[in-house]
Amino acid sequence: MSESCKIEVIGVSKIFRRDGKNVAALAETNLAVREGRFASIIGPSGCGKSTLFNIIAGLMPPTTGDVTVDGQSIVCRAGTVGYMLQKDLLLPWRTILDNIILGLEIRGEPRAKAVERALPLMEKYGLKGFDSHYPNELSGGMRQRAALLRTLLYDRDIMLLDEPFGALDAQTRLSMQNWLLEIWKDFGKTVLFVTHDIDEAVYLSDDVYVFSARPGRVRAKIAVPIERPRKPEDLTTERFMELKHHLLELLSEERDPAEEIS
Amino acid sequence: MDAYNQESYCGAVRPAERESPKKEEDDAARSIETYDGELQDKKRRRRVLAGRILVGIFLFAGWELFTRIGWMDPYYWSSPSEILKTAWVQLTEGTLLRDIVYTSGSTVIGFVTGTLTGALLGLSFWWSKTYAGISEPFLIILNALPKLALGPVLVILFGIGFFSKAVLAFLMTVVTSAISAYGGVKSVDPALETLMVSLGAKRRQVFTKVVVPWSMPWIISSLRINIALALAGSIVGEFISSEQGVGRMIIYAGTILDINLVWVGVFVLSILSMLMYWGVILLEKWLSKRLAIISS
Ligand SMILES: Nc1ncnc2c1ncn2[C@@H]1O[C@H](COP(=O)(O)OP(=O)(O)O)[C@@H](O)[C@H]1O
Ligand SMILES: [Mg+2]
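Sequence order for the protein chains is A and B. Heads up: the first sequence is residues 1 to 262, going by the UniProt record's numbering. Heads up: the second sequence is residues 1 to 296, going by the UniProt record's numbering.
With the rest of the complex left out, here is chain B:
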C-alpha cells in the first residue's frame, strides 16, 4: 500500500506519518472490520472534532467564569473577554498589526536564509572528506552552543533594529539545517555513486543527480523544527532590545503591569507559531511532490 503513496519519504524521518499517529490505529481497526471501516472512520473523526471544540469551549468558559467569580485572580489571569477586548483595541488603534508583521518578517527571513545556507553547507560536505572531517567538530560545538545567549552580542553588533532579530533567527536555524543535510549526505548509498560513475558521470553530476535528491528528505525533515527555532530567535531578539515586534510588546506590557496586553501577546505568538507551522507543512508537501520523493 505504502508503495503507492507518492508523498511518503525515503528518509529515516517520515513527517507525514509522524503528524498523525492516530492514523495507525484507524488502519488497524479497518483491517478487523473492513465492511464498514470507512463509515466508522468518518464517525470517529467527527466525534474527535466535536470533542476538541467542546474541550476548547469548556476551558475558555471555565477561565472566564472562575475569574469573574474570583476563584482565579483576574489581576494575573485576566479573562478571555478582557484579552479579546484589549486585542481588538490594539489591532484597531494600537500597533499590534505592525508588530505582527515585524516579528513574522524577521522569523521568515531568518528561517529561509538559515535553512538554505545550512542545507548548502551540509551538502557541500560531500565534496571533500577532509573538509567535512575538519568541519564536523565545529558544527557539533555550534549546535551545542546556546545561540540565544548570543542575543546581546548580536544586538551590540547589528543594532536594535530588524537586522539583529533576523540574524538571531538565522543562527538558530542554520546549524540544525546543516546537520540534517550532512546526515543525508553521509547516508547516500555508495553503490548509487558507483552506478553514476559507471555511466560516465562527473562528480558534479553525481552531486546534482544523486546526492541532492537523496538528501532532500533530511533537509525537509528539519523544516518544522527550524520554523519554531526561528520564531524563538526573533522573539528573544525583541526581548533583549527592540522598538517593534510582538516580543517587545510583551516585555513592554510586563514593565507597565498591563497583564491583559501580556496575554494578548502570548496568544498572538501562539497563533503566529501555529500558522507558520501549517505554512511549513504546506511547503513540505509542495517540496516533496515537486521532487517526487518516494519511499524506497
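For reference, chain A alone in the conformation it holds in the complex:
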C-alpha cells in the first residue's frame, strides 16, 4: 500500500493542554491518499479536521504518530505541502497579484519571474484584470480564488484545502467547485479537502473519509464511483443520492452523542 501512496497519516493523534486539562482533539487517525487523488474529510465540527491539517502542514507536532510524503516523514516541516487555511487570509495591503506570488517571494524567487508565472494563471482561472486590485475590492468567491491560486503557485504536489467554500452562497459555491475540479484536472495535484457539505464532498472526491465526533478518528472511508469529468447533473442521479444518504447516516450517528455531551 505504502509504495503507491503519496501521503500517509499514520496513527496521528493530538492532545491539547488547556488550563491544565488535557483536551483530546484528534484520536489515532490513519489516512493514505494515492498520487493525484482527491480525498475529502467530512465530520462534525470540532472533531479535529483543522488540527489534522495543521499537523500535516508541519505547523504543530502530533502527540503520537507520523506523517509521510513519498515515504519521508514531514512532521514539523512547514512548507512541504500547499495549505489553504480556513480563512482566505489575503494581506490587505497587497494587491491580488502580490498576494498570489507571496509564496514564491518567500522562497526568494525574483518578482519578475514570479509575476510571469502568476499572470497566465490569473488569466486562465478567472482573475483576469484583478491583478492590481486590493483584496477588499473583491467578492468572497474571488478572494477564495486568489487564496487558492496562491496555494497552487506555491507549487507543492499536495494541497490541503480547509473548508475553502464554507462561507460562500450556494450559487457561487457550485461554480467554485467546478473551477476547482478544472484546476485539479490541469495540475494533477493530490488534494485533501475538508468540508462540512456532503454534496460537495461527493461531487468533488474520489474518496470521502468520514470522521467521528471529537476526538476525531476515521470512521469510514467511502469511495465515490462516479466517472469524471463530473457535471452538475451528477448531483441529481440516483447513485449520487444513495451515496449521500449513506454518508448522512454515518454522520448523524456521529452527531447524536456529541450533542448529548454539549
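The set of hints was computed from the structure by calculation and includes no laboratory data. Be a bit skeptical, because a hint or two may be false.
The calculated lysine-lysine pairs, modelled on BS3-like cross-linking and capped at a C-alpha distance of 25 Å, are [to be verified]:
no., chain 1, residue 1, chain 2, residue 2
1, A, 87, B, 285
2, B, 129, A, 21
3, A, 113, B, 202
4, B, 43, A, 124
5, A, 87, B, 209
6, B, 202, B, 129
7, B, 209, A, 113
8, B, 285, B, 209
Treat the numbers as computed from the prediction; the structure is a model and nothing was measured.
With chain A held as given, fit chain B with the ligands onto it using these hints.
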C-alpha cells in the same frame, strides 16, 4: 464605497476621517437629496470658508478697536497692528528668522529621531514575548513620567545649546511612538503568521512582510500627536535655558516687559505649529499611499 478608498486605514485610528467630522454630515445630506447634493456641498463649503474668514476679521478688528478705545488695556493685550509692526522689525532687523529656524530645527530632529526610534523599539517587541513582557511596565512608567520636568537635568547634562532641546523633543516623542507601534504589533492577526509559516517563511520574513506593514497605521497615527509633543519639548527646553529660539525670545521679552514681542512669539509659535501639523498630514498621506495601506 469605503472599499475603494485607497487612503483609508486598517487600524483602529482613521486620521483621514477624524480630520473632517463634517464630511459625515455631508454624506448624510447627500443620501437624502442626491440630485443636487454636489452643488449643495460646494455651496456649503464656500459658505463655511467665507464664515471663517469673516469671524477671523471680526476677532482681529475687535481686538484692534477695543485696545484703541481703551476697553482692553493695550499694555497687556498689545494690538494686532503693534504686533505686526514688531514682527516686521524683528524679521528684518532682529533675530526672529534665525530663532524660527533654531526652534523648528530641534523640533523636527527630535520628532524624526524620536518617532523612528520609538517605532523600531515598539516593533522589536514582536521578536520575544519575554523581552516585551519585561519592557512593558517600564514603557508605561516612562509614558506616565512628565518628561518636561526632566528639562533642567537635560540642560545640565547636554548643555544650553541646540542638542539639549533636540533631546527633550526626542524624549517627548519616543515613548508614544513605541507604545503605538507595540499596539500594532500586539494586534497582528495570528492567523496571518500561521499563513506565512505554512508558506515556509522564516521569522524575519514574517516580521518584514506581515508585522511591519500591519503596524504601520498605528505608527502613522502617532505622528500628529508627536509633532505637537516635539514642539512643546523644544520650547520648554528653550524656556529653561537657551541662547536662541522662539521660546527663548518669549522668555526674554517677558523679562524686559516687551508685551508686543511676547505676542509676536506666541503667534509665530502658533503658525509654526500649524505648518508642522500640515507637514505631518502630508507625510501621513505620502506614507499611506506608498505602503498602499487599505482598510480591511
Ligand atoms: N491550539 C489549540 N489549543 C487548544 N485546543 C485546541 C487548539 N486548536 C484546536 N483546539 C480544539 O481541538 C478541537 C478540534 O478543533 P479543530 O481541529 O479546529 O476542529 P474542526 O476543524 O474539525 O472543526 C476543538 O475542540 C478545539 O477547541
Ligand atoms: Mg476547522
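The hints, checked one at a time:
1. A:87 to B:285: violated (30 Å)
2. B:129 to A:21: Judged against 25 Å, a Cα distance of about 24 Å means the pair holds.
3. A:113 to B:202: Measuring from Cα to Cα gives roughly 21 Å; hence the hint holds.
4. B:43 to A:124: violated (50 Å)
5. A:87 to B:209: holds (18 Å)
6. B:202 to B:129: holds (17 Å)
7. B:209 to A:113: holds (19 Å)
8. B:285 to B:209: Holds: residue 285 of chain B and residue 209 of chain B sit about 21 Å apart, inside 25 Å.
Of the numbered hints stated above, those contradicted by the structure are hints 1 and 4, listed in ascending order.
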